Amino acid sequence: MTPAATTIARDDITGLVLAGGQGRRMGGLDKGLQDYAGRPLVAHAIERLAPQVGPLLISANRHLDAYAGFGHPVLADATADFAGPLAGLLEGLRAAPTRWLLCVPCDVPALPLDLGAQLAAVLRSQGGRAAFAVDADGRAQPLFALLDRGLREPLALALQRGERRVLGWLRDLGAGTASFAARDAFRNLNTRAELAWPGLELREMVDADLAGYKALRDATLLASPGAFVSEAATELRRSAASYAGRLAGGALGACLFSLVAARASVPPGNTGVSGELLGAVTLERETRGRKRHIAHLVGMMVAPDAQRRGIGASLLDAALARLRRCDGIEIVTLSVTSSNAAAIALYARRGFVRYGRLPRALRIAAGQYEDQDLMQLGL
Numbered sequence: 002m003t004p005a006a007t008t009i010a011r012d013d014i015t016g017l018v019l020a021g022g023q024g025r026r027m028g029g030l031d032k033g034l035q036d037y038a039g040r041p042l043v044a045h046a047i048e049r050l051a052p053q054v055g056p057l058l059i060s061a062n063r064h065l066d067a068y069a070g071f072g073h074p075v076l077a078d079a080t081a082d083f084a085g086p087l088a089g090l091l092e093g094l095r096a097a098p099t100r101w102l103l104c105v106p107c108d109v110p111a112l113p114l115d116l117g118a119q120l121a122a123v124l125r126s127q128g129g130r131a132a133f134a135v136d137a138d139g140r141a142q143p144l145f146a147l148l149d150r151g152l153r154e155p156l157a158l159a160l161q162r163g164e165r166r167v168l169g170w171l172r173d174l175g176a177g178t179a180s181f182a183a184r185d186a187f188r189n190l191n192t193r194a195e196l197a198w199p200g201l202e203l204r205e206m207v208d209a210d211l212a213g214y215k216a217l218r219d220a221t222l223l224a225s226p227g228a229f230v231s232e233a234a235t236e237l238r239r240s241a242a243s244y245a246g247r248l249a250g251g252a253l254g255a256c257l258f259s260l261v262a263a264r265a266s267v268p269p270g271n272t273g274v275s276g277e278l279l280g281a282v283t284l285e286r287e288t289r290g291r292k293r294h295i296a297h298l299v300g301m302m303v304a305p306d307a308q309r310r311g312i313g314a315s316l317l318d319a320a321l322a323r324l325r326r327c328d329g330i331e332i333v334t335l336s337v338t339s340s341n342a343a344a345i346a347l348y349a350r351r352g353f354v355r356y357g358r359l360p361r362a363l364r365i366a367a368g369q370y371e372d373q374d375l376m377q378l379g380l
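Numbering follows the working numbering, in which position 231 of the sequence shown is assigned residue number 232; successive positions increment by one, without gaps.
Note that these hints are calculated values from the structure, not bench results.
Some hints could be false.
Across the chosen pairs, the derived CB separations fall in these ranges [claimed, not checked]: (1) Arg355 / Ala183: 40 to 50 Å; (2) Arg355 / Arg323: 21 to 31 Å; (3) Arg11 / Arg166: 39 to 49 Å; (4) Gln369 / Arg309: 21 to 31 Å.
It should be emphasised that the depicted structure is a prediction, and the values quoted were computed from it without experimental measurement.
C-beta atoms are modelled at their ideal positions from N, C-alpha and C, and glycine is treated no differently.
Whole structure, please, built from the sequences with the hints as guidance.
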């Protein structure tokens, strides 16, 4: 192991803001330039990183002039194929005028103000040439890393071998880790909804959300009764507690999870307070043995005053990402009112295909019916 660094001063560190991604979950938008709380995301990252470093660099692959307007040198990847954050790191290591490089992504507006100090402390005490952050839940945050400039050649070789995983490369190096207690310090913004609603979080529904879930469901039911299988008169009389089956591990055993879009966090361990819910989606799994590879999206809703702001798309993306991590799930199905063109278009953009239509699936009134489209997606 490399001997421990005797000291790592602020002026010994070059900062690197990684803003060179494709922004897939934002529909291809250049994430760093998107507005959040009145300023571009990259400006938030620069503001919190600059006091921790000497020189500062920006890694970007589009809109280079716009990024240059923030007053720091801009580095583009050596290749034009969006090779991932490791390619941006390599250019940062090559350009850094100091021994150490402290990198952060552009989409974390509350990144720790003591990030560099904590990572430097690990290298001082343990030695080595790299250290990265671990969040309050024990998850690795490899894009928050302090690296020795001498790693540029090993990184170039790793990229030539086809390595694209930052965490994999750091672990191969035997990188140290620093743990951070602040729960929101590494919360990244991946969707347009999170940008439009500062403080919005997508998370699993908990007991404390049941009252908010009922309020959300009642509001959407009254605004769009034709989109629901249930009748308004019956649903409005239901208690909040009756929706406990929508919680993972509920009594019915079929619910995989329900995700909610909430304005405010539920404090850890607090089961009596919930932020306002702006949307929700529920996924259930088939319980019959030969169908357990199938999940059903059984309900997605967005508050009437929060629609057309990306919340539905954000919930769907989060749900699909989580489904792909569920062991044994191969197919997800859903049914949607055939007249709901916006929802059908959203599902189609995410890869769902229509495999049938059920005529007169919903009886709205005497002689009035709605068809339902049946859609599925292979995972």
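Hint check:
Between Arg355 and Ala183 the beta carbon distance is about 45 Å. The supplied range of 40 to 50 Å therefore holds. The hinted range of 21 to 31 Å is satisfied by Arg355 and Arg323, whose Cβ atoms lie roughly 24 Å apart. A hinted range of 39 to 49 Å for the beta carbons of Arg11 and Arg166 is inconsistent with their spacing of about 30 Å. One distance hint, 21 to 31 Å for the beta-carbon pair Gln369 and Arg309, holds here, with the actual separation near 27 Å.
Checked against the numbered hints given earlier, the structure breaks only hint 3 and satisfies all the rest.
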